[in-house]
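Given these sequences and hints, build the entire structure.
Protein sequence lines, in the order shown, are assigned to chains A and B.
Position 101 of the first sequence, counting from 1, maps to 101 under the working numbering, and the rest follow consecutively.
Position 56 of the second sequence, counting from 1, maps to 164 under the working numbering, and the rest follow consecutively.
Among the clues, some could well be false.
Per the computed footprint, the stretches of chain A lying under chain B, defined by three or more beta-carbons under 8 Å from a beta-carbon of chain B, are [said to hold, decoys possible]:
1) 18-26
2) 58-65
3) 81-90
Bear in mind the hints are in silico, worked out from the structure with no lab data behind them.
What you are looking at is a predicted structure, and each value in this text was computed from that prediction instead of being measured.
C-beta atoms are modelled at their ideal positions from N, C-alpha and C, and glycine is treated no differently.
Letter by letter, the chains look like this.
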Amino acid sequence: MSYLELNAVFLGIAAAAALAALVLRWAGRGSLRRAGAAMASTLAVLLVLTAVFDNAMIAAGLFDYSGHALSGARVGLAPLEDFAYPLGAALLLPALWMLLAVRGKGGD
Amino acid sequence: MTYLLVLLALLGCMALLDARWKLFFWARPWAAAVVMAAGMAYFLAWDVRAIAEGIFLHRDSPLMTGIMLGPQLPLEEAFFLAFLCYQAMILFTGTLALLRRRSATRSVARSVARPAPARAPEPSRTAEPAGTEDSA
Chain A
1 MSYLELNAVF
11 LGIAAAAALA
21 ALVLRWAGRG
31 SLRRAGAAMA
41 STLAVLLVLT
51 AVFDNAMIAA
61 GLFDYSGHAL
71 SGARVGLAPL
81 EDFAYPLGAA
91 LLLPALWMLL
101 AVRGKGGD
Chain B
109 MTYLLVLLAL
119 LGCMALLDAR
129 WKLFFWARPW
139 AAAVVMAAGM
149 AYFLAWDVRA
159 IAEGIFLHRD
169 SPLMTGIMLG
179 PQLPLEEAFF
189 LAFLCYQAMI
199 LFTGTLALLR
209 RRSATRSVAR
219 SVARPAPARA
229 PEPSRTAEPA
239 GTEDSA
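Shown next as structure tokens:
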């Protein structure tokens, strides 16, 4: 399995959770626009930080990748596939947080 | 050791932001614990699969403790994933709080600019810049 295929599996889980959370929030008349904007800005910041620090950490020799599993696309030293982690984080975690709020007090 | 200390310091910074603005653990501790646990499980499973597929390779480095949680999985990775999760949630809850506060102050400003006639029928005292910002 390539790194890209593996990412597709895990991003699918995160995307499903995000969809469920946004649909429930919309049904519950929470501020959908605000939640979407907060997720988008979280993602933007995480992507920029990943671009900077993934490069720094690879350059520092903390870890490496076996070339055969990579697509070859890179942002500096960072394989493009590494950006799936911040994407998964920005989708899954806020989604769980909102889903737990729906079941709880129904807070914003 | 350096890398681990940096991660611990960053986690500490997130906790300070969390405590100061009551964003995550300081807002809903149980929900926060569930989100963090689920996030850790999710990303560790992702890592373990990637290692099993031979994608991730650990490199021995003087910056690391050398303590391994599993093959190719250093102790530092768990702290990195915790930081990734905590940071994502501080960004998300922080942005939400900011947007919420901004829309609250905007609606206050609007009700000051155009007072509800039923509640405040006072004669206009001074020339108030009514509706300067809104184009509606």
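Can the stretch 18-26 of chain A be counted as covered by chain B under the rule of three residues or more with Cβ-Cβ separation shorter than 8 Å? violated (count 0)
Go check the stretch 81-90 of chain A versus chain B for me, would you? Three or more residues, Cβ under 8 Å, otherwise it fails. holds (count 5)
Three residues or more, CB to CB closer than 8 Å: is that satisfied between the stretch 58-65 of chain A and chain B? holds (count 6)
Hint 1 alone, counting from the list given before, is not met by this structure.
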